[in-house]
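Below are the chains, spelled out letter by letter.
There are 2 protein chains.
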Amino acid sequence: DFKNDFAYILVIGTTDISLIPGITIAGATPELTHFTPAADAEYIILGKCKSINTIPVSPSGIPTPALVTRAALSFINPLKLVVNAGSRVLPKIPFIDLQGEPGRDIRKYALSLEKVNSIIENGMKLGEELSNAFKVLVIGESIPAGTTTAMATLAALGYDAIDKVSSASPDNPKELKRRVVLEALKSLPTDLNQKLAKVSDPVLLGVASISLGFKGKVLLAGGTQMVAAAAIIKELNKNKIHDIVIGTTKWIIEDKSADMLGLSKQVGVRVLVSMLNFSISKFDGIKAYEMGYVKEGVGAGGSAIMAFIRGITNEQLVEKIDELYQKLLSSNA
Amino acid sequence: DFKNDFAYILVIGTTDISLIPGITIAGATPELTHFTPAADAEYIILGKCKSINTIPVSPSGIPTPALVTRAALSFINPLKLVVNAGSRVLPKIPFIDLQGEPGRDIRKYALSLEKVNSIIENGMKLGEELSNAFKVLVIGESIPAGTTTAMATLAALGYDAIDKVSSASPDNPKELKRRVVLEALKSLPTDLNQKLAKVSDPVLLGVASISLGFKGKVLLAGGTQMVAAAAIIKELNKNKIHDIVIGTTKWIIEDKSADMLGLSKQVGVRVLVSMLNFSISKFDGIKAYEMGYVKEGVGAGGSAIMAFIRGITNEQLVEKIDELYQKLLSSNA
Chain A
2 DFKNDFAYIL
12 VIGTTDISLI
22 PGITIAGATP
32 ELTHFTPAAD
42 AEYIILGKCK
52 SINTIPVSPS
62 GIPTPALVTR
72 AALSFINPLK
82 LVVNAGSRVL
92 PKIPFIDLQG
102 EPGRDIRKYA
112 LSLEKVNSII
122 ENGMKLGEEL
132 SNAFKVLVIG
142 ESIPAGTTTA
152 MATLAALGYD
162 AIDKVSSASP
172 DNPKELKRRV
182 VLEALKSLPT
192 DLNQKLAKVS
202 DPVLLGVASI
212 SLGFKGKVLL
222 AGGTQMVAAA
232 AIIKELNKNK
242 IHDIVIGTTK
252 WIIEDKSADM
262 LGLSKQVGVR
272 VLVSMLNFSI
282 SKFDGIKAYE
292 MGYVKEGVGA
302 GGSAIMAFIR
312 GITNEQLVEK
322 IDELYQKLLS
332 SNA
Chain B
2 DFKNDFAYIL
12 VIGTTDISLI
22 PGITIAGATP
32 ELTHFTPAAD
42 AEYIILGKCK
52 SINTIPVSPS
62 GIPTPALVTR
72 AALSFINPLK
82 LVVNAGSRVL
92 PKIPFIDLQG
102 EPGRDIRKYA
112 LSLEKVNSII
122 ENGMKLGEEL
132 SNAFKVLVIG
142 ESIPAGTTTA
152 MATLAALGYD
162 AIDKVSSASP
172 DNPKELKRRV
182 VLEALKSLPT
192 DLNQKLAKVS
202 DPVLLGVASI
212 SLGFKGKVLL
222 AGGTQMVAAA
232 AIIKELNKNK
242 IHDIVIGTTK
252 WIIEDKSADM
262 LGLSKQVGVR
272 VLVSMLNFSI
282 SKFDGIKAYE
292 MGYVKEGVGA
302 GGSAIMAFIR
312 GITNEQLVEK
322 IDELYQKLLS
332 SNA
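Those sequence lines, one after another, are chains A and B.
Yeah, the first sequence ends on 334 if you go by the working numbering, and it's all consecutive.
Yeah, the second sequence ends on 334 if you go by the working numbering, and it's all consecutive.
Simulated from the structure, these hints should not be mistaken for lab results.
Source: prediction; values computed, not measured.
Where hints are given, some of them may not hold.
Identical copies carry no separate label here, and so any pair may be met within one copy or between two of them.
[Stated by the list, open to error] For lysine-lysine, the following BS3-like pairs were computed, each having C-alpha atoms within a straight-line distance of at most 27 Å:
1. 251 - 93
2. 239 - 51
3. 109 - 288
4. 49 - 109
5. 241 - 257
6. 218 - 136
7. 51 - 126
8. 109 - 328
9. 235 - 4
10. 196 - 328
11. 4 - 216
12. 216 - 51
13. 235 - 126
14. 321 - 109
15. 321 - 257
16. 49 - 126
17. 216 - 136
18. 126 - 251
19. 187 - 321
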């Protein structure tokens, strides 16, 4: 199935949880995390960022996985569409607007019910429309602290998810995440959409609803966040899960601080893994992925899978990543 | 070429010129004209309107050409994407945002230079991205009073266009349009983008820029407005005009109050005509097209051409239009 023509969809959004110091490294500072989704989207579409003057990097300078995605997709050249489910910073590129809103702090209330319904309705209609032209969608995400809201969403849907989601950092701030999630789960509504309004984020709803509306096969390109998206899909249409496969990276599967395979099994969603090996890169910033930095994001794992099944080798992919990274370093110099 | 897979793109926007009483009948009242683009887009995507409680109708109740487009496309089911170049009312569906702005009164200044550049840049990037998946685009427009801004734009670009654009009304308010356009052309800047910023509208820029960025063939689905879009394309890349064909209706060509073929010849753009015949419709509101009401819009002529070249007959198309119109009448009853 995944050898068919596909469109790559990047769903972006923000959650105010990313402003909590220490909870995510998907941005050089907590405030900059809100620029990451827009900058990732610009990099994927333009090959450069406009909202910030470099590509998103972690506090220690490790580059966004958007680099991996752009490299992998460059071998295939699918249609790439950016979908804004609710980002505080809008990317300076054409994007599809689901008319959602940025996610607020889940310890209070993340989204209004009206906006949850708007994201779901518009997402489903977009998925349905894309079915007219594509048999497969590859859907990535970019939302700093999205693993925390994913943990809260999975737990709110009754899954054993506390301490089981991964992190872009080699030392997963599990203690901080647990405290935030347990507080968010207090006085949880019983109605599904109300639950999602309280503890989820716009990107999970965007990814899930586009998948629900799409008639073909969907590769959810991401880690534990995509397990949460699959869980939402299952709540809204339990048969749809059979058309869904998660595609991620080996670093997510090997992440001892999380339980990607256990969570996927609980939800009942299949997982494909791209055996990426960045140790052969010329750059420390890329090699760092091998030490558990970043691990996944912006559809990197799924995009690599789509390149690999079309005959691209790990060496070719890493060579392209180094080439793109070199271009960035020289343009910044 | 046009038998290839295509995507249908509807570019929507508003111009404050449509608020001038008597200048357009693309809305039941001048104020309602600003809802027409959003409602047309909703009807194309959803088969119903959300921003207003019926489909857009002229003051005498004649239905929007979106009906014709939806009927024609229903035989083909292409991917349909709505692009907002600058509409005062946002449609309640997923749409692609070019981050433009609504057009102000061209007798003062329609758009800021910054927004002209934003629409053009984002439109070209969207066209380029769509080239990864499609060989052909069919681009329609919905912007009440768009023929007035088209006349101003063509004249500003040096074409003999005064009194030559058509109208959705059988009695083309030529006197009023001429007065508005001649006033708008006073103190016209010499720089191209400044000229467009003064007298054009967001939709012309959106249509032209998407066409410019697209690498395949483009069917500009519309009447004299599409001649203005072609003129803008030619200004920005004169070779691109060879990949452009206008597809419109016989009513536009037969419109004695305008000069579609003369204008097209001046600009040097080819025109295809769909020989629609609505006299066989069961409904007066549809038959009225034969008396010069509405004539074109929302990509009706081009969509009909795409259906006809795929073997659909006029009878089949009119039968489908009547079926959709009946559905609307009963849902309104």
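Now for the hints, and whether the structure bears them out:
In this assembly of identical chains, residue 251 and residue 93 lie within 27 Å of each other by CA distance neither inside one copy nor across copies; the values are 32 Å within and 40 Å between. In the homo-oligomer, the alpha carbons of residue 239 and residue 51 never lie at most 27 Å apart, since the shortest distance is 40 Å inside one protomer and 29 Å across protomers. For the homomeric pair residue 109 and residue 288, neither the shortest alpha-carbon distance inside one copy (39 Å) nor that between copies (57 Å) is at most 27 Å. Taking the shortest alpha-carbon separations for residue 49 and residue 109, neither the intra-copy value of 36 Å nor the inter-copy value of 36 Å comes in at or below 27 Å.
Taking identical chains as interchangeable, the C-alpha atoms of residue 241 and residue 257 are never at most 27 Å apart, the minima being 30 Å within one chain and 55 Å between chains. In this assembly of identical chains, the alpha carbons of residue 218 and residue 136 lie at most 27 Å apart whether taken from the same copy (6 Å) or from different copies (23 Å). Taking the closest pair of Cα atoms, residue 51 and residue 126 come within 27 Å of each other only across two copies (14 Å); inside a single copy the shortest separation is 29 Å, beyond that limit. With identical chains, the CA atoms of residue 109 and residue 328 are never at most 27 Å apart, being 43 Å at best within one copy and 45 Å at best between copies.
When the C-alpha separation of residue 235 and residue 4 is checked against a cutoff of 27 Å, the pair qualifies only within one copy, where the shortest distance is 25 Å, while the shortest distance between copies is 39 Å. With identical chains, the CA atoms of residue 196 and residue 328 are never at most 27 Å apart, being 44 Å at best within one copy and 37 Å at best between copies. For a Cα distance limit of 27 Å, the shortest separation of residue 4 from residue 216 qualifies both inside one copy, at 16 Å, and across copies, at 24 Å. Taking the shortest Cα distances, residue 216 and residue 51 sit within 27 Å of each other only across copies (24 Å), while inside one copy they are farther apart (34 Å).
In this homomeric assembly, residue 235 and residue 126 come within 27 Å of each other (Cα to Cα) only inside a single copy, at 18 Å, whereas the closest approach across copies is 35 Å. For a Cα distance limit of 27 Å, the shortest separation of residue 321 from residue 109 qualifies neither inside one copy, at 43 Å, nor across copies, at 51 Å. When the C-alpha separation of residue 321 and residue 257 is checked against a cutoff of 27 Å, the pair qualifies neither within a copy, at 29 Å, nor between copies, at 59 Å. Proximity of residue 49 and residue 126 under a CA criterion of 27 Å is satisfied inter-copy only: 13 Å between copies versus 30 Å inside one chain copy.
Both within a single protomer and between protomers do residue 216 and residue 136 lie at most 27 Å apart by alpha-carbon distance, with minima of 8 Å and 23 Å respectively. For the homomeric pair residue 126 and residue 251, neither the shortest alpha-carbon distance inside one copy (33 Å) nor that between copies (33 Å) is at most 27 Å. In the homo-oligomer, the alpha carbons of residue 187 and residue 321 never lie at most 27 Å apart, since the shortest distance is 47 Å inside one protomer and 54 Å across protomers.
Checked against the numbered hints above, the structure violates hints 1, 2, 3, 4, 5, 8, 10, 14, 15, 18 and 19; every other hint is satisfied.
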